[in-house]
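There are 2 protein chains.
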Amino acid sequence: MHIAITGAAGFLGQRLVRQLVKRGELDGRAIRRLTLIDQVEPPAPDAGAIEIVSRALDITTPGGLDSVLAERPDVIHHLAAVVSSAAEADLDLGMKVNFDATRSLLEGCRRHGLAETRLVMASSVAAYGGELPEVLDDMTAVQPQNSYGTQKAMCELLINDYSRRGLVDGRVLRLPTIVIRPGRPNAAASSFASSILREPLSGEEAICPVPLDQELFVLSPSRVIEALILAAEVPGEALGAFRALMLPGITVSVAEMLDTLREVAGDEAVARVRHEPDERIRSLVASWPARFDTARADRLGFRRDADFGEIVDAYLAERS
Amino acid sequence: MHIAITGAAGFLGQRLVRQLVKRGELDGRAIRRLTLIDQVEPPAPDAGAIEIVSRALDITTPGGLDSVLAERPDVIHHLAAVVSSAAEADLDLGMKVNFDATRSLLEGCRRHGLAETRLVMASSVAAYGGELPEVLDDMTAVQPQNSYGTQKAMCELLINDYSRRGLVDGRVLRLPTIVIRPGRPNAAASSFASSILREPLSGEEAICPVPLDQELFVLSPSRVIEALILAAEVPGEALGAFRALMLPGITVSVAEMLDTLREVAGDEAVARVRHEPDERIRSLVASWPARFDTARADRLGFRRDADFGEIVDAYLAERS
Ligand SMILES: NC(=O)c1ccc[n+]([C@@H]2O[C@H](COP(=O)([O-])OP(=O)(O)OC[C@H]3O[C@@H](n4cnc5c(N)ncnc54)[C@H](O)[C@@H]3O)[C@@H](O)[C@H]2O)c1
Ligand SMILES: NC(=O)c1ccc[n+]([C@@H]2O[C@H](COP(=O)([O-])OP(=O)(O)OC[C@H]3O[C@@H](n4cnc5c(N)ncnc54)[C@H](O)[C@@H]3O)[C@@H](O)[C@H]2O)c1
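Protein chains in written order, with the numbering used here: chain A, 1 to 320; chain B, 1001 to 1320.
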């Protein structure tokens, strides 16, 4: 089993590599080789019997992935992307990295005859937008209100078509908002969702720019990694007529998140969260859907966290 | 008012040109100029005070439309496309004409600063597919099961994003199956839908490859042309959060179509329809959705034919 990972130096990429090394197998077959691809050479963990090849490759370079595809990987986890705010700030960059590079990857798979290769792409809840129903499901129209979501939705369509034509065996996961991300606050509008837990848990202050009753649809990093692995294991036919699906997550309000923080770290931790309403962030976050019926993904075995307490516990266990 | 039309030599293009010349105005402004674009120089009708410029241009040529865009048309009707069967037979051709050329057109509008230009594109009911609900609406997920529908759906997303960013003022109409098309039977799976009326009305035989209870969602050519004109007249904001919409049509079964044929031309006309089941066509046509709630388009003023009788009457009136 040879697995290639684009964006392997990123947040999810690095975790996926570590988890694959830890498991040592995928779909019942021993992993013999991991090819890690990113703009900068991705760090490779000590992997025992697994051969790890790290490559500094820009996926937007024409033919840049050819040497990797020529090795006929069994699975490609395609995680390289520019994030939402970058794609909104620079339409050309977003189109180039998020859409054109995915299309080139599909064309590369076609050219190299990788019909059996399982291509797993990370899409996003940000593909949804517009006037949405109270509860969404996989039959809800995708009407993105940002360029990142548009580019991801276009990739979903293309991967579905290439899979339908038997040119590759694609699968696309729409990821919920991931919490708790380790690290520092960043420019992403969703940054607060991790920050209001992470910083107080380290004795630092955090800013909450949205009202207490704002709901979010969230999934922990380790469940996302599980899902990326499962997505490479399910048979393509099991996905039915469309190769993209929304992952299960849990719906939590900011108030519930802070209640959990109180249970775990007391009133003094909650007191470290300053409430500073920010209208731009508030309206953006308010437009994100927070309730999903994910029956299709549930049936395929994708799993949500049990509750928000479990997410915080997992974060604390990992940090220590 | 300057209107540019791509695919102007085609079936809808030629009708649109004639109707625009007949009306002489769009959105309350006199039409001064029509630029007709197609692979071969599109025939131009006698147009009185309206200046018509016909251009033989391949829209896939890089920068090919620049000279047209430099003239800052107020409206662009983008109708050039390769049809469903051609896009399925040749993925590269479909991607190039149906998707890449639309993207180039959007980029051209952006480069020429045509933020106010109303870009009207024809999409298709073929964008829908998969496991669909009994009645579809604009919030039903688009999960195309053919490359043509995939390419159209990708254009919808891109036009929506370019419009949201204020780079152009786009509108996309998903067209129902158009009946009655004049001419001869062709390779399209939908060809029978026109043929089983058109041929018997001319005293000729026709073949019906699908069962009598097969339903179709149809619209007459003249209503489609009306819709293309109205789409250039409605204010962009009226479309709300997504720039594509399904046009109203009527749901008719093959049995109802033949009943209408009987009313208009008697039993002997109906007897000219030979029933020769064709499994490939049957299963393809059975996958097309036939029932839509088009409340959004209805509110905007788009209109369906009153009933199938009206469609046949209009065809006969036009033919004579
Ligand atoms: N809820 C969500 O919407 C959501 C959340 C997280 C991730 N995602 C998606 O999951 C994937 C991974 O996300 P992440 O959080 O690990 O992001 P990340 O930014 O940490 O990692 C992305 C990686 O892609 C690399 N990359 C960017 N452009 C490249 C190029 N031209 N060539 C090669 N590598 C390039 C970056 O260097 C980075 O290491 C992305 O596709 C992202 O869009 C979605
Ligand atoms: N129900 C439906 O799904 C449906 C029905 C009819 C039309 N449509 C859409 O409406 C539009 C018009 O359809 P039509 O029935 O008039 O089709 P048509 O085939 O009669 O016309 C299309 C025109 O585009 C031109 N064209 C193709 N490639 C070109 C290129 N590279 N450069 C310049 N011109 C090019 C062709 O020469 C042709 O004249 C198309 O976009 C079609 O996809 C959808």
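I should point out that these hints are in silico values taken from the structure, not numbers from a laboratory. Some clues are possibly wrong.
Label pairs and their calculated CB-CB ranges [claimed, not checked]:
#1 B:Val1135 <-> A:Arg303: 28 to 36 Å
#2 B:Ala1271 <-> A:Arg72: 53 to 61 Å
#3 B:Arg1274 <-> A:Glu25: 33 to 41 Å
#4 A:Thr61 <-> B:Asp1092: 37 to 45 Å
Cβ coordinates follow ideal geometry from the N, Cα and C atoms, glycine included.
Verification of the hints:
1. B:Val1135 <-> A:Arg303: 28 to 36 Å: 33 Å, holds
2. B:Ala1271 <-> A:Arg72: 53 to 61 Å: 59 Å, holds
3. B:Arg1274 <-> A:Glu25: 33 to 41 Å: With a Cβ separation near 59 Å, B:Arg1274 and A:Glu25 fall outside 33 to 41 Å, so the hint is violated.
4. A:Thr61 <-> B:Asp1092: 37 to 45 Å: Violated: the Cβ-Cβ distance is about 21 Å, outside 37 to 45 Å.
Violated hints, listed in ascending order, are 3, 4; each of the other numbered hints is respected by the structure.
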